[in-house]
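Visitor: Residues per chain are reported as follows:
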Amino acid sequence: MKIGVFICHCGSNIAGTVDVAKVAEEVGKLPDVAYSTDTMYACSEPGQEGIIQAIKDHNLDGVVVASCTPRMHEPTFRRTVERAGLNRYMFEMANIREHVSWIGKDKESNTQKAVDLASIAVAKLTQDRPLIAKKFGVNKRVMVIGGGVAGIQAALDCADGGLEVVLVEKTATIGGKMAKLDKTFPTVDCSSCILGPKMVDVAQHPNITLYANAEVDSVKGYVGNFEVAVKKKATYVDWTACTGCGLCTEKCPSKKATDYFNEKIATTTAISIAFPQAIPKKASIDPEYCIKITKDKCGVCEKLCPTKAIRYDMQDETVIEPVGAIIAATGYDLFDYTRYGEYGGGRYPDVITSLQYERILSASGPMAGHIKRPSDGKEPKNVVFVQCVGSRDKSVDRPYCSGFCCMYTAKQAIQTKDHLPDSQTYVFYMDIRAPGKMYDEFTRRAMEEYGARYIRGRVAMIYPKGDKYIVRGADTLAGTQVEVEADLVVLAVGAEAAKGASNLAEKLRISYDKYGFYMESHVKLRPVETNTAGVFLAGSCQGPKDIPSSVAQGSAAASKVLGLFSKDELESDPQVASVDIKRCVGCGKCIETCPFGAIEETDFRGEPKANVIETVCQGCGVCTSTCPQGAIQLQHFTDNQILAEVNALCQQPLVTSFE
Amino acid sequence: MSAAPGNELRIIGFLCNWCSYGGADTAGVGRMTQPTDLRIIRVPCSGRIDPLFVLKALVNGADGVLVSGCHPRDCHYAEGNFYARRRLEVLKRFLQVLGIDERRFEYTWVSASEGQRWQEVVQKFTERIHELGPAPKITPDQMAMAETMAAQPR
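Chains A and B supply the protein sequences, listed in that same order.
Take any residue in the first sequence, count from 1 to its spot, add 13: that is its number in the working numbering.
Take any residue in the second sequence, count from 1 to its spot, add 6: that is its number in the working numbering.
None of these hints come from the bench; they were simulated from the model.
In silico BS3-like pairs for lysine-lysine, Cα to Cα no more than 25 Å straight-line:
id	chain 1	residue 1	chain 2	residue 2
1	B	Lys130	A	Lys527
2	A	Lys277	A	Lys512
3	B	Lys62	A	Lys602
4	A	Lys580	A	Lys147
5	A	Lys244	A	Lys294
6	A	Lys211	A	Lys573
7	B	Lys130	A	Lys120
8	A	Lys277	A	Lys385
9	A	Lys321	A	Lys264
10	A	Lys118	B	Lys130
11	A	Lys69	A	Lys15
12	B	Lys130	B	Lys143
13	B	Lys98	A	Lys602
As the structure is a prediction and not an experimental result, all values here were calculated from the model.
Kindly produce the complete structure, drawing on both the sequences and the hints.
Guide: Set out below in structure tokens:
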């Protein structure tokens, strides 16, 4: 075999701590290597041209590039060798940047390590065979999971682009966190006024099927051909009949049901519609509080309903939706501030979260937009805001910044003054992070025009005194301790991954970080893609994000789906398992272990044999290490290929002694 | 930190493409200095790792073998790492039977975001292998003895 080896300098990234010329020289001594050189930037245009020229000049039948991680440039170089007429799988990469030059200080050791890594790439290449991709059809429907502003934007953009969209929302209405907000920063624009039209568009768009009060049960399949089971949770109301008139909610005698939409600062009726602009505007019953369901009494709503939509015996129902791509837009949840015992741990009724305060501020909220203390209904005079509760705090394992709390706190301070001109607001902060368009100006306004007193320091404790609360903290700029008497304390609780996010990630087979946020394919350059083809991300499920960023990501994810669906057929990855029918004994072990059901039993002249369904196979290779005969081999990662790498490293001459 | 040249031991790593290989990349991008003994072989999934690969490496002169995959429940292929865990756990116990110090083999889980964790894993495992020293090798005398014994008629 004639192999060409190219050792990349990557400027000084590699050449700084690796003697690349020496590596090229050493690797050039290997038996199958016909050409070996170092190159300044292998990925640059002249670099790639150099590879193509060498393939032609030296009649090479395989190429090794030793440069950065294959997770970065493997596709680039595969296209390069393909341009020179080679099969794209007659190419191997050695990672001598991330795994060598950037982590080792000693040039001599690094150089030896680079030689070894390039040598195992050569050894692997000698075992490589050309592989040809197959084509398969694409189902041009997309599922969006999560009906917050990011999911809504993604669904609308996909639908406007002509795709059929299935939008799945966990709660009874779309709108997400944004629907709960009273106003938005930095314009103090009414949140439901700007979100409302989009929600209505979702309801009315002919291309969008909305499943509210539904969750993803299981995901099967692969890019272009997923099958998602969606569990429609029982609402006990037939939504095809319900007109959303609200008569049932007015007369329901069970009025102590948990009001999740109002962040539990109020209670609601057992049969309810979350809020006036809810989409879909349909009633649903909380079975925990419904007297008919729990005690078989009452039945008022059934008697009153003009369209006879009540179904007390409704069961959960599962529907299967075939789609070609999935956008996860599952958003975030709030940090549980009761973990801070020093802030009352949830015992003080007038120490509330920022989202509860939004519901208090909202005209459609339980207090109809009048700021009142939850404990006694009095108007507060001194309102204290505490920032970074459950963000930038290692002690509660939330070292990251939630990003948008500084801004909404400033907005809430402004709104407080607007609602209660005699009030005084205090904001305890660590740093003010306002890096958006008009953001810093906005926080300045809160201080300068609305008289919010910003105190730089953390709050040590909050304790009740009479019917007020004492907020004790540090003023690090003045170097003193401060105590503020507060009527109401608003905690700017940080964002964390949505409950159940990791569960869904496992179904979608995407990765998440240690805090449960979904991982994008590349931090800088592939922000809405995941490492699972056909699954995209939008909004806060990937990390805390404000509204404009969530909307932008929703649109970005939609454009990725539209791009994917612009082709009628996709190329399958030929790195799939393949059965050597002569070796297969038909034991069926591979069929049992395959996580994707990609192997079936076939009959070959009366003998059972394994057969791989190539489009379903994802290329994990679990079958290959299971097969007792070595009959099923994952292409491009066969036993022989991996063992060739092991041998390249371990076949050393026997030493003469133990020393 | 890194073993001085010439004092390096032979450590082979089998890393899954999606998590641990990415984690090692993340460590590299973050310039997290590590000992230079480790040589990494990339596989699609820890479930692809045949225990024989590990044995082959250890028998043929590796001083240590490190396997790393995605955290359980976070596998790119849904359940590949569960298969890996079972196989490698059995392998660990089996090594003693073969007369190989089981401390020369370790498996662990590192995600693509855990660059720092990867650095610690490499650091600790390399230190451990250096404490154990080079793996015992068969001497020419022993080899000759084995050959004579094999040649003897039964």
